[in-house]
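Chain residues, written in single-letter form:
Protein chains: 2
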Amino acid sequence: MAELPVYRAKIEPDWIDYNGHLRDAYYGLAASYAVDDLMDYLGLDAAYRESTHCTLYSLEMHIHFLHEVKESDDLKIITSILDFDRKRIHLACTFACSRLDEPAATADMMLLHVRQGEKPATAPFPEQVTAKLAALKLSPAARDAFGPLSRKIELQRR
Amino acid sequence: MAELPVYRAKIEPDWIDYNGHLRDAYYGLAASYAVDDLMDYLGLDAAYRESTHCTLYSLEMHIHFLHEVKESDDLKIITSILDFDRKRIHLACTFACSRLDEPAATADMMLLHVRQGEKPATAPFPEQVTAKLAALKLSPAARDAFGPLSRKIELQRR
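Quick note, the sequences are listed as chains A and B, same order.
So for the first sequence, our numbering puts the first residue at 9; every next one is plus one.
So for the second sequence, our numbering puts the first residue at 9; every next one is plus one.
In isolation and in its complexed conformation, chain A is listed as follows (with noise of 0.2 Å):
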């Protein structure tokens, strides 16, 4: 399995809320612009895009908040291949900080290639693309071992 890039997040004062923590949207948003980084690793670029006309849309994302992040934490962000097929990818985040021994928090995220214009349409990677996803895709056992994922959100009563 290769490497990818990992996002180092710059945790702006704004993004502390009345709890005194990073708000939860901001989880969000370092790992949308870490998914930008992964985008240009893949090739999916500001060329790319450009020149064909086609990017990613995000179909769905769920984050389990699992540590508070304070303004004074650094936080980097990695992301890893769940899955993918001839135009979707299921990718997952792992938010690190290095005060912490576990993560502060995971999420996944299933994101759409789209061809932009009149009316967006689904579109196959190209085979570099592809080729690249084969090898950045987590073994089934790296897989199994990543957690929290998505789930149904619901109260369980004893």
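Any given hint might turn out to be false.
Note that the list lumps identical chains together, so a pair holds whenever it fits in one copy or between two copies.
To be verified - Calculated lysine-lysine pairs in the DSS-like style (CA-CA distance at most 30 Å, straight line):
| no. | residue 1 | residue 2 |
| --- | --- | --- |
| 1 | LYS140 | LYS95 |
| 2 | LYS140 | LYS84 |
| 3 | LYS78 | LYS127 |
| 4 | LYS78 | LYS18 |
| 5 | LYS84 | LYS145 |
| 6 | LYS18 | LYS145 |
| 7 | LYS95 | LYS145 |
Treat the hints as calculated values from the structure; they're not laboratory data.
Once you have looked at the hints, place chain B on chain A.
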């Protein structure tokens, strides 16, 4: 069922990404602000937080991105109480845009009532908050009609 306040988001120019639409993470930020309004409505407002040191922490969030939102669009977020117990709220958000017949997005979140301090600890809601939540909670039929909701994200192969 009582009516909850509707949060009207102001779409900032920098919320629009290279795809020419609202960046995924800003749906989350709009939802986060809508939850702030809900907290005020429930009596978990700044005065409450200051006097009790109690607040809500986000545990999980799942967003379905259903339609593109443009900078020229309006966006309002309607929150609904799906379920609650002594110290948790499971809520849903509908993202509505007057240009669209259907929601632009839906989300659901699990929130936990926490007393902050040296070591944050879960805390039961005050009675008045529980009474408000009971009045607001969706009927089982309304809950079943709400969607899409959180689920396991995966590529289904035919």
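Notebook entry, point to check: Honestly, which of those hints from before does the structure not fit?
Noted result: none
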